[in-house]
Amino acid sequence: MCGIAGLWNLNGKAAEAHALSRMIQMIRHRGPDDCRIHTDASVGLAHARLSIIDLAGGSQPMSACDGDVWITFNGEIFNYVELREKLIGKGFRFRTSSDTEVILQNYLYKGEDCIEDFEGQWAFAIWDSGKRKLFLSRDRLGVRPLFYWYQHDTFLFASEMKALLANPLVARELDPVALDQIFTYWCAIAPRTIFKNIHELPPGHNLTISHGSAVQRRYWQLDFGEDSGVGSLKQKLAGQSEPQVCEELTHLLTDATRLRLRADVPVGTYLSGGLDSSVVTALVRKFTHAPIETFSVAFDNPEYDETPHQKTVSRFLNLERNAVSCTSQEIGKVFPEVIWHTEQPILRTAPAPLFMLARRVRERGYKVVLTGEGADEMFGGYDIFKEAKIRLFCAAQPNSRLRPRLLSRLYPWLPNLQLQSTEYLKTFFRVSNTDISSPLFSHLPRWGLTSKLKEYFTSELREQMQPAEDLTELRSLLPSDFERWQPFHKAQYLEASLLMPGYILSSQGDRMAMAHGVESRFPFLDSRVVEFAAALPVPLKMKVLNEKYILKRFAKDLIPDSVRNRHKQPYRAPEGASFLCTEPEMEYVEELLGNAQIRANCLFKPRAVENLLAKFRRGQAIGVKDNMALVGILSTQLVMTQFIKQLGGRYEASVAQVHY
Amino acid sequence: MKQALRKFITENFMFAMEDVQLSDSDSLVDKGLIDSTGILELVSFLEETYTIEIHDTELVQENLDSIDALSRFLQAKMNSVAKQESCS
Numbered sequence: 001m002c003g004i005a006g007l008w009n010l011n012g013k014a015a016e017a018h019a020l021s022r023m024i025q026m027i028r029h030r031g032p033d034d035c036r037i038h039t040d041a042s043v044g045l046a047h048a049r050l051s052i053i054d055l056a057g058g059s060q061p062m063s064a065c066d067g068d069v070w071i072t073f074n075g076e077i078f079n080y081v082e083l084r085e086k087l088i089g090k091g092f093r094f095r096t097s098s099d100t101e102v103i104l105q106n107y108l109y110k111g112e113d114c115i116e117d118f119e120g121q122w123a124f125a126i127w128d129s130g131k132r133k134l135f136l137s138r139d140r141l142g143v144r145p146l147f148y149w150y151q152h153d154t155f156l157f158a159s160e161m162k163a164l165l166a167n168p169l170v171a172r173e174l175d176p177v178a179l180d181q182i183f184t185y186w187c188a189i190a191p192r193t194i195f196k197n198i199h200e201l202p203p204g205h206n207l208t209i210s211h212g213s214a215v216q217r218r219y220w221q222l223d224f225g226e227d228s229g230v231g232s233l234k235q236k237l238a239g240q241s242e243p244q245v246c247e248e249l250t251h252l253l254t255d256a257t258r259l260r261l262r263a264d265v266p267v268g269t270y271l272s273g274g275l276d277s278s279v280v281t282a283l284v285r286k287f288t289h290a291p292i293e294t295f296s297v298a299f300d301n302p303e304y305d306e307t308p309h310q311k312t313v314s315r316f317l318n319l320e321r322n323a324v325s326c327t328s329q330e331i332g333k334v335f336p337e338v339i340w341h342t343e344q345p346i347l348r349t350a351p352a353p354l355f356m357l358a359r360r361v362r363e364r365g366y367k368v369v370l371t372g373e374g375a376d377e378m379f380g381g382y383d384i385f386k387e388a389k390i391r392l393f394c395a396a397q398p399n400s401r402l403r404p405r406l407l408s409r410l411y412p413w414l415p416n417l418q419l420q421s422t423e424y425l426k427t428f429f430r431v432s433n434t435d436i437s438s439p440l441f442s443h444l445p446r447w448g449l450t451s452k453l454k455e456y457f458t459s460e461l462r463e464q465m466q467p468a469e470d471l472t473e474l475r476s477l478l479p480s481d482f483e484r485w486q487p488f489h490k491a492q493y494l495e496a497s498l499l500m501p502g503y504i505l506s507s508q509g510d511r512m513a514m515a516h517g518v519e520s521r522f523p524f525l526d527s528r529v530v531e532f533a534a535a536l537p538v539p540l541k542m543k544v545l546n547e548k549y550i551l552k553r554f555a556k557d558l559i560p561d562s563v564r565n566r567h568k569q570p571y572r573a574p575e576g577a578s579f580l581c582t583e584p585e586m587e588y589v590e591e592l593l594g595n596a597q598i599r600a601n602c603l604f605k606p607r608a609v610e611n612l613l614a615k616f617r618r619g620q621a622i623g624v625k626d627n628m629a630l631v632g633i634l635s636t637q638l639v640m641t642q643f644i645k646q647l648g649g650r651y652e653a654s655v656a657q658v659h660y
Numbered sequence: 001m002k003q004a005l006r007k008f009i010t011e012n013f014m015f016a017m018e019d020v021q022l023s024d025s026d027s028l029v030d031k032g033l034i035d036s037t038g039i040l041e042l043v044s045f046l047e048e049t050y051t052i053e054i055h056d057t058e059l060v061q062e063n064l065d066s067i068d069a070l071s072r073f074l075q076a077k078m079n080s081v082a083k084q085e086s087c088s
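So the protein sequences, as listed, match chains E and C.
Heads up: the first sequence is residues 1 to 660, going by the working numbering.
Heads up: the second sequence is residues 1 to 88, going by the working numbering.
Hints listed in this document are in silico derivations from the structure and should not be mistaken for laboratory results.
Be aware that a few hints might be false.
Mimicking DSS-like on lysine-lysine, the simulated pairs with C-alpha atoms at most 25 Å apart in a straight line are [as the list claims (entries may be wrong)]:
| # | chain 1 | residue 1 | chain 2 | residue 2 |
| --- | --- | --- | --- | --- |
| 1 | E | K131 | E | K13 |
| 2 | E | K556 | E | K543 |
| 3 | E | K452 | E | K625 |
| 4 | E | K452 | C | K77 |
| 5 | C | K7 | E | K452 |
| 6 | C | K77 | E | K625 |
| 7 | E | K454 | C | K2 |
| 8 | E | K556 | E | K286 |
| 9 | E | K110 | E | K131 |
| 10 | E | K110 | E | K133 |
| 11 | E | K131 | E | K311 |
| 12 | E | K645 | E | K454 |
| 13 | E | K454 | C | K7 |
| 14 | E | K286 | E | K552 |
| 15 | E | K645 | E | K196 |
| 16 | C | K31 | E | K625 |
| 17 | C | K2 | C | K77 |
| 18 | E | K110 | E | K86 |
Just so you know, these numbers come straight off a predicted model, no measurement behind them.
Looking at chain E on its own, in the form it has when it is part of the complex (with noise of 0.2 Å):
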């Protein structure tokens, strides 16, 4: 796993080994291994290295054996080692043993078809100086990232936006209407990122840059249609027991770990101490009787700590337990650098442990782990899935006394809502008959509760909006069949392709990992798990309102009871208490949300912001939406001062040696 970077100047001025240096060096990080830079006139690749399969064979950017195609390549292709033997049955022939060259010769053998074959997270750029002719493509469900610039006859690319921006050929914007999509869906929506003009070639998608134009194309599509290829296996399943079920999904959660354990190093996994990754951590407990070692995150507020359960998987499975013991102080120490690299501002401050905990495991000497990311989506464990069906069944009887109590019992961790009489609660979730109509449904109260923050952007700011809530870029995006499907897919599909690659796998994931070189992979994300959950008829996801009920039926014997029927926690970490009311003030926090700073950003009111940090020093900002505000607005002072004003500072790589 790697950082990768590139350019092509379409106007035949030859590719500036410089300017390659120059961006491949901002995402060292990602690759502290090795870094090397391949020219061809007009054309160049980069490449820094993490060294995880075939250590001594596998540097990139890599050339298939005749010289004119060549690749530079981040992530994983699991299935590498069957798909070689397949090829060297059709008489290819291999240098290596990495997956790198298994990329290269199914290109040379299927052309732009070949990442069909692949099962894998990745994005890849691969230079055909025969055809001219860039491929771009990056992995069906977003967990690599790759975003480019395009503009003047000139074609940029990178793993991370801050290597683009280094390129002075690069303005560094902010763009308005993504930051009012981040204060609406949390994240915004590829190709759309929080840089003007700077490009996220969106999961699922290839893109092609020949004879001076550039064609992106959907190859896979999330689906939970009737109509599609998805639709046969629904109809297989629905005819299956529950114990026929079970026995596929061992099945296929068991293969997805063991292709995931490929790796010529260490492979260590998180352990949050809920369901999910404690399968992921079982499963891998069954392939090896060496030592593993898991990570967790402890907090010191029993509000958010997980601990216990931890120690009781631990125990359980006999493993070694590595916990990063978190305090709200220190998130706030490390917000800075944690918003360097998520590159886009944020409204929680759950990367932030991740960010520590990618840190401990990197100075444990580990490069890879196994997490149990993606079950929630695909499995149905999120609460607004739950949500989304009381509301319903409120709706169904609108004078009903009793069901809006189900309310209450959906957030048994949020004691103000525990607190709430029926009345208020019927006029919080209440449903309108527009709002049951809506396709997007499901995410309608989570998306208001956010725009709420808008309040505090400035005219000027809005002047420069089409405002998300109208809905319509998101709409436009949607699956031509989406209207037809059950309330529960359709509240899964715009959970797993919208805030899952655009926050969950790249703010929470991706970047707190690759900040300090460490790669996670995700069995739950297995193309082929995707597709068999995706099928599921809906009561095996969720029985009545228990949630991911198929997986706990699965998970049986192999975690412990108390840690498998327990009521699914969200994780998160301090928010307000991390920058304020600390002893001492966090010097930056005061800096850039006091009253010069907002007002030379203008993008936010200032005497708002202040009010909003005196309710905190008041002691009474105690909701949701006050701790996204705060978090919302310092990470985005953070991106401007960061990226906008000047990039990097003191963040920029240090000295390393680039090969050419």
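Please build the complex by placing chain C on the supplied structure of chain E, with the hints as guidance.
For chain C alone, kept in the frame of chain E given last:
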């Protein structure tokens, strides 16, 4: 009393909304000022400031959803407290 209520609401729920006008009869929920946390903030403010106890059954929009409603509710509450004290 209405002034104190208005001050609390402005300082805690409206500080980012510079253009929103609030009349005494406006609904706090409909105006988007109060959410599930807000209602608790409001209730603890009332209990602490006016040394009263608000029961679960009293947590209804009729009592809490506008400055007018709040002031009516508080008056009634304090009258009944005063009555109880004079009886004892």
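A quick look at each hint next to the structure:
no., hint, verdict
1, K131(E) <-> K13(E), "holds (18 Å)"
2, K556(E) <-> K543(E), "holds (16 Å)"
3, K452(E) <-> K625(E), "holds (8 Å)"
4, K452(E) <-> K77(C), "violated (33 Å)"
5, K7(C) <-> K452(E), "holds (21 Å)"
6, K77(C) <-> K625(E), "violated (30 Å)"
7, K454(E) <-> K2(C), "violated (28 Å)"
8, K556(E) <-> K286(E), "holds (15 Å)"
9, K110(E) <-> K131(E), "holds (14 Å)"
10, K110(E) <-> K133(E), "holds (15 Å)"
11, K131(E) <-> K311(E), "violated (56 Å)"
12, K645(E) <-> K454(E), "holds (23 Å)"
13, K454(E) <-> K7(C), "holds (22 Å)"
14, K286(E) <-> K552(E), "holds (18 Å)"
15, K645(E) <-> K196(E), "holds (14 Å)"
16, K31(C) <-> K625(E), "holds (16 Å)"
17, K2(C) <-> K77(C), "holds (15 Å)"
18, K110(E) <-> K86(E), "holds (13 Å)"
Hint compliance for this structure: hints 4, 6, 7 and 11 are not met, and every other hint is.
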